[in-house]
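Asks: Place chain B on chain A using the hints.
First to last, the protein sequences are chains A and B.
Numbering-wise, the first sequence is residues 0 to 336 according to numbering that gives the first Met the number 0.
Numbering-wise, the second sequence is residues 0 to 336 according to numbering that gives the first Met the number 0.
Simulated from the structure, these hints should not be mistaken for laboratory data.
Glycine included, each C-beta is placed from N, C-alpha and C at the ideal position.
Just to be clear, a hint being listed does not mean it is correct.
What the hints assert, rightly or not - Take a look, some chain B residues computed to stay more than 10 Å from chain A by CB distance:
(1) Arg15
(2) Ser16
(3) Glu59
(4) Arg66
(5) Val140
(6) Thr166
(7) Trp175
(8) Pro180
(9) Gln273
(10) His291
(11) Glu327
(12) Gln333
Unchecked claim - Label pairs and their in silico Cβ distance ranges:
(13) B:Gly125 <-> A:Arg174: 44 to 54 Å
(14) B:Pro180 <-> A:Leu288: 38 to 48 Å
(15) B:Glu289 <-> A:Gln234: 28 to 38 Å
(16) B:Gly108 <-> A:Asp142: 32 to 42 Å
(17) A:Gln29 <-> B:Thr52: 15 to 25 Å
(18) A:Thr278 <-> B:Glu237: 44 to 54 Å
(19) B:Asp147 <-> A:Val112: 46 to 56 Å
(20) B:Gly125 <-> A:Ile257: 51 to 61 Å
(21) B:Pro180 <-> A:Glu237: 48 to 58 Å
(22) A:Asn27 <-> B:His60: 32 to 42 Å
(23) A:Gly37 <-> B:Thr52: 24 to 34 Å
(24) A:Asp284 <-> B:Cys62: 35 to 45 Å
As the list claims (entries may be wrong) - These stretches of chain A come out as covered by chain B in the derived footprint (C-beta under 8 Å, 3 or more residues):
(25) 24 to 33
(26) 190 to 200
(27) 217 to 228
There are 2 protein chains.
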Amino acid sequence: MIEGHGDDAYHYEDIRSDFSSNICAHGNHQALMNHLAGHPELLNHYPEPEAWTLERMIAEHHCIAPRQVIVTSGATEAIYLVARSFGCSRAVIPAPTFSEYANACEQAGLAVVTTSLQSREEQGRGSLLWLCNPNNPTGDVYDQLYIDRMMAEYNLVVLDQSYENYTDAHVMSPRWGVRTPYSVQIHSMTKTYGVPGLRLGYITAHETLTEQMRRFLHPWSVSALAVEAGKYLLQHDELICRPDLQEAQRLREGLQGIAGLNVGSTQTNFMLCQLSNHTASELKDYLALEHHILIRDASNFKGLTPAHFRVAAQTPAENDALMAAIREFLKDRQLKG
Amino acid sequence: MIEGHGDDAYHYEDIRSDFSSNICAHGNHQALMNHLAGHPELLNHYPEPEAWTLERMIAEHHCIAPRQVIVTSGATEAIYLVARSFGCSRAVIPAPTFSEYANACEQAGLAVVTTSLQSREEQGRGSLLWLCNPNNPTGDVYDQLYIDRMMAEYNLVVLDQSYENYTDAHVMSPRWGVRTPYSVQIHSMTKTYGVPGLRLGYITAHETLTEQMRRFLHPWSVSALAVEAGKYLLQHDELICRPDLQEAQRLREGLQGIAGLNVGSTQTNFMLCQLSNHTASELKDYLALEHHILIRDASNFKGLTPAHFRVAAQTPAENDALMAAIREFLKDRQLKG
Chain A
0 MIEGHGDDAY
10 HYEDIRSDFS
20 SNICAHGNHQ
30 ALMNHLAGHP
40 ELLNHYPEPE
50 AWTLERMIAE
60 HHCIAPRQVI
70 VTSGATEAIY
80 LVARSFGCSR
90 AVIPAPTFSE
100 YANACEQAGL
110 AVVTTSLQSR
120 EEQGRGSLLW
130 LCNPNNPTGD
140 VYDQLYIDRM
150 MAEYNLVVLD
160 QSYENYTDAH
170 VMSPRWGVRT
180 PYSVQIHSMT
190 KTYGVPGLRL
200 GYITAHETLT
210 EQMRRFLHPW
220 SVSALAVEAG
230 KYLLQHDELI
240 CRPDLQEAQR
250 LREGLQGIAG
260 LNVGSTQTNF
270 MLCQLSNHTA
280 SELKDYLALE
290 HHILIRDASN
300 FKGLTPAHFR
310 VAAQTPAEND
320 ALMAAIREFL
330 KDRQLKG
Chain B
0 MIEGHGDDAY
10 HYEDIRSDFS
20 SNICAHGNHQ
30 ALMNHLAGHP
40 ELLNHYPEPE
50 AWTLERMIAE
60 HHCIAPRQVI
70 VTSGATEAIY
80 LVARSFGCSR
90 AVIPAPTFSE
100 YANACEQAGL
110 AVVTTSLQSR
120 EEQGRGSLLW
130 LCNPNNPTGD
140 VYDQLYIDRM
150 MAEYNLVVLD
160 QSYENYTDAH
170 VMSPRWGVRT
180 PYSVQIHSMT
190 KTYGVPGLRL
200 GYITAHETLT
210 EQMRRFLHPW
220 SVSALAVEAG
230 KYLLQHDELI
240 CRPDLQEAQR
250 LREGLQGIAG
260 LNVGSTQTNF
270 MLCQLSNHTA
280 SELKDYLALE
290 HHILIRDASN
300 FKGLTPAHFR
310 VAAQTPAEND
320 ALMAAIREFL
330 KDRQLKG
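If we strip away everything but chain A, and leave its shape as in the complex, we get (with noise of 0.2 Å):
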C-alpha cells in the first residue's frame, strides 16, 4: 500500500530533474529552518494533543471559526480521519484519482465502488464521494454545479483540495463550504507551500462534521516543529506556490506534438499522458538512466494502463530537456524495432 507513489527520487542514483511529483517544491526554506532552529526549546514539550492555536490562525486565515477546522498531519492524515469517522458503509471513487482514497477506505472496512469520471451519480444514498480537486492526476476541475448536485446526492462528498492553489479555475472556499454539513474540504499546507518533507495539512467543514471526526484523532498527531511552521507559513503569503500555469499549457503543447503520446488536457501544473506503443516502466527507466529526469509511471493508477504517465511542468528549459529526451527515446525504440 505504501509503495509506488511519486517522488521517488530515492530509488535512482543522480535525479536532476524531478517532474515526478505534483508539488512545486522549489523554494528556498533557510529562513523557515533558521525560524525553528532559533526554537529548540520547542523539542522538549509535547504539542498541544490537537493543534488548537494553528486551527484558530486558519480559522482566522479563512474566515471561519476555529471548530470549523482540524489539523492533521499532511493531507494524508485527514484522508485517513475523514474514512473512519461517519459509519458510511461504501465508499464511490471515481478513476482514476489519488489511490489513498481507496486505500484509507478498505481500511476502515468500507465497500469501495470504482467508477468511471463521469457516471457515478446512481450511487448515491449511505456513500461518501471523494473528489480530488483539481484531479490527481489528471488535472481536471470539478465545476460548483456538479459538486452541488453531488452534495445533494450523497451523504457527504469529501473534497481534497489539496492542490487549490495549484489552478486559476473555481474551487470552493472553506467559507463556503462549512455553510452546510454535506461536505468536508481537506487542504494540503505542504502543497500549498511545497513543503512536503513537513506534514501539515488541515480539513475545514461545518461543525457538526468536524465534532464527528474529532472523536476518531489521534492526540499529538502533528509534531511542535510543524506546527511551527505552519505558523510562519500562515504569515508568509509570499512563500505560496504559484506554478506557471501557462508553461504548463506549453509543455502540454509541446508533448501532445509527439507522435506516438497523447496528453490529456489539464487546469492545473501536471498532466496525464499515454504512450501509443510503449510502457510508462520503460520510459521512466530510460529517463532516470539516460537524462536523470523522473517522471510518474501511472500505471498503477485504478483505471489506467502501463502505458499512462503523470509530470509535472518545470523550468521551461527542464521542460524542453524532457521533450527533447521523450523525443529521443521514440526514436531510438523506433530504430530497434
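Replies: Leaving out everything else, chain B in the frame of chain A:
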C-alpha cells in the same frame, strides 16, 4: 478523547516547574536544531513513504533485522497501528495505565476489558493484552517471568516500553522480543531522548507481526525533519535521558512523609500519589496559581479516584519546592477547615 493528558502547561499563564510530564525533557536541543537547519532541502521532498533508512539504522542499533522495525510518528501512532492490525475481538487492559490503549482499541472496534493490575489471567484466548512497562502512571516494572506467562496465555502481548530507559530494572530487549511472534514492543524516541515536540517512535516485533502491521500503516506519517532528527539522535548516545532515580526515591520518601498524602512505590522517575482529604484538581490549581508548579491530575486514569495525582521528579531544588508547597496547601486547607 484528546483532553486530560499531562504536560498541559499551555492551560496556565506562568508555569516554572513542570512535574506533570514523565519525560526528562530539560536537554538543550540547539545542536540538533542547527543540524536540521543545515538541511533546508529536507522540506523540499516527500519523506520516504515509510521511514526505511531510519528503520535500517534502528535495526543495526538493536542487532535485529530492518523488517522487524516500523518507525511511527511517536509511540501514539504505534499504539493506534497495533490496535487496528490484528483482528482481535477483545483487548485486556490493566488499570491504571496509559489511557490511549483503550482509546485506540475502542476506535478499532475491539471490546475493551479493564482489569486490576493483579487479576487479568483468566481473559487470555482471542485477546490482546496491553502492558505498559514501566507502567504509567504507577512506575511499576513487570518482571520477565510474568511477561513470559502472559505471552503463553494471550494471543499477543503489547509491551509499551516507552519508559524503558527510565528505570534500572530489567526490561525486555528488542533483540529478545523479536524471537517470538507473541509480543509487540513499542519504543519512544520522544522519551528516550527527551524530545516530545518531535513525535518519533518505533515498533519492534517478529517479522510475521511487522508484516501484518505494515498493511495498516499510513504513508508519509513521519516527517522528513523527524526522520533526520532520529538519525542524528541515534548517533548521539550522550543525548539519551538518564533520570536521577536516587533523587526520585528521595522525592518519594519526602512526599510519603507528608501527613494526608499516600505515595505508591516506583521503579522509575515518576510516581502516583493520593490525597486523603482533597481532590487532585484542587491541589493542581493551587500549585499552578500560587507556586507556578504543574502536576498531573491523574483522576481521569481508569481505576483511579479524584484524589490521585502523578509527579515526575525534577531537580532537588524543584522537588523541595514541590514538597513545601504541598505541605502549605494541606496546612492552609486544615486551617480553613
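Asks: State for each hint whether it applies.
Replies: Hints versus structure:
1. Arg15: holds, 14 Å
2. Ser16: holds, 14 Å
3. Glu59: holds, 19 Å
4. Arg66: holds, 14 Å
5. Val140: holds, 24 Å
6. Thr166: holds, 21 Å
7. Trp175: Per Cβ check, Trp175 (chain B) is outside 10 Å of chain A; nearest 28 Å; holds.
8. Pro180: holds, 22 Å
9. Gln273: holds, 25 Å
10. His291: Consistent with the label, His291 (chain B) stays out of reach of chain A, its closest Cβ about 16 Å off (over 10 Å).
11. Glu327: holds, 27 Å
12. Gln333: holds, 35 Å
13. B:Gly125 <-> A:Arg174: 44 to 54 Å: holds, 49 Å
14. B:Pro180 <-> A:Leu288: 38 to 48 Å: holds, 41 Å
15. B:Glu289 <-> A:Gln234: 28 to 38 Å: At 36 Å between Cβs, range holds.
16. B:Gly108 <-> A:Asp142: 32 to 42 Å: holds, 39 Å
17. A:Gln29 <-> B:Thr52: 15 to 25 Å: Check passed, 23 Å falls within 15 to 25 Å.
18. A:Thr278 <-> B:Glu237: 44 to 54 Å: Because 51 Å falls inside the window, the suggested range holds.
19. B:Asp147 <-> A:Val112: 46 to 56 Å: Between Asp147 (chain B) and Val112 (chain A), where Cβ atoms are some 48 Å apart, the hint holds.
20. B:Gly125 <-> A:Ile257: 51 to 61 Å: Holds, since Gly125 (chain B) and Ile257 (chain A) (Cβ atoms, about 60 Å apart) stay within the stated range.
21. B:Pro180 <-> A:Glu237: 48 to 58 Å: Since the Cβ atoms of Pro180 (chain B) and Glu237 (chain A) sit about 53 Å apart, the hinted range of 48 to 58 Å holds.
22. A:Asn27 <-> B:His60: 32 to 42 Å: For His60 (chain B) against Asn27 (chain A), whose Cβ atoms are near 34 Å apart, the range 32 to 42 Å holds.
23. A:Gly37 <-> B:Thr52: 24 to 34 Å: holds, 28 Å
24. A:Asp284 <-> B:Cys62: 35 to 45 Å: At roughly 36 Å between Cβ atoms, Cys62 (chain B) and Asp284 (chain A) fall inside 35 to 45 Å, so the hint holds.
25. 24 to 33: Holds: 9 residues of the stretch 24 to 33 of chain A have a Cβ under 8 Å from chain B.
26. 190 to 200: Check passed, 6 qualifying residues.
27. 217 to 228: Three-residue rule met by the stretch 217 to 228 of chain A, so holds; n is 9.
When each numbered hint is compared with the structure, no violation occurs for any of them.
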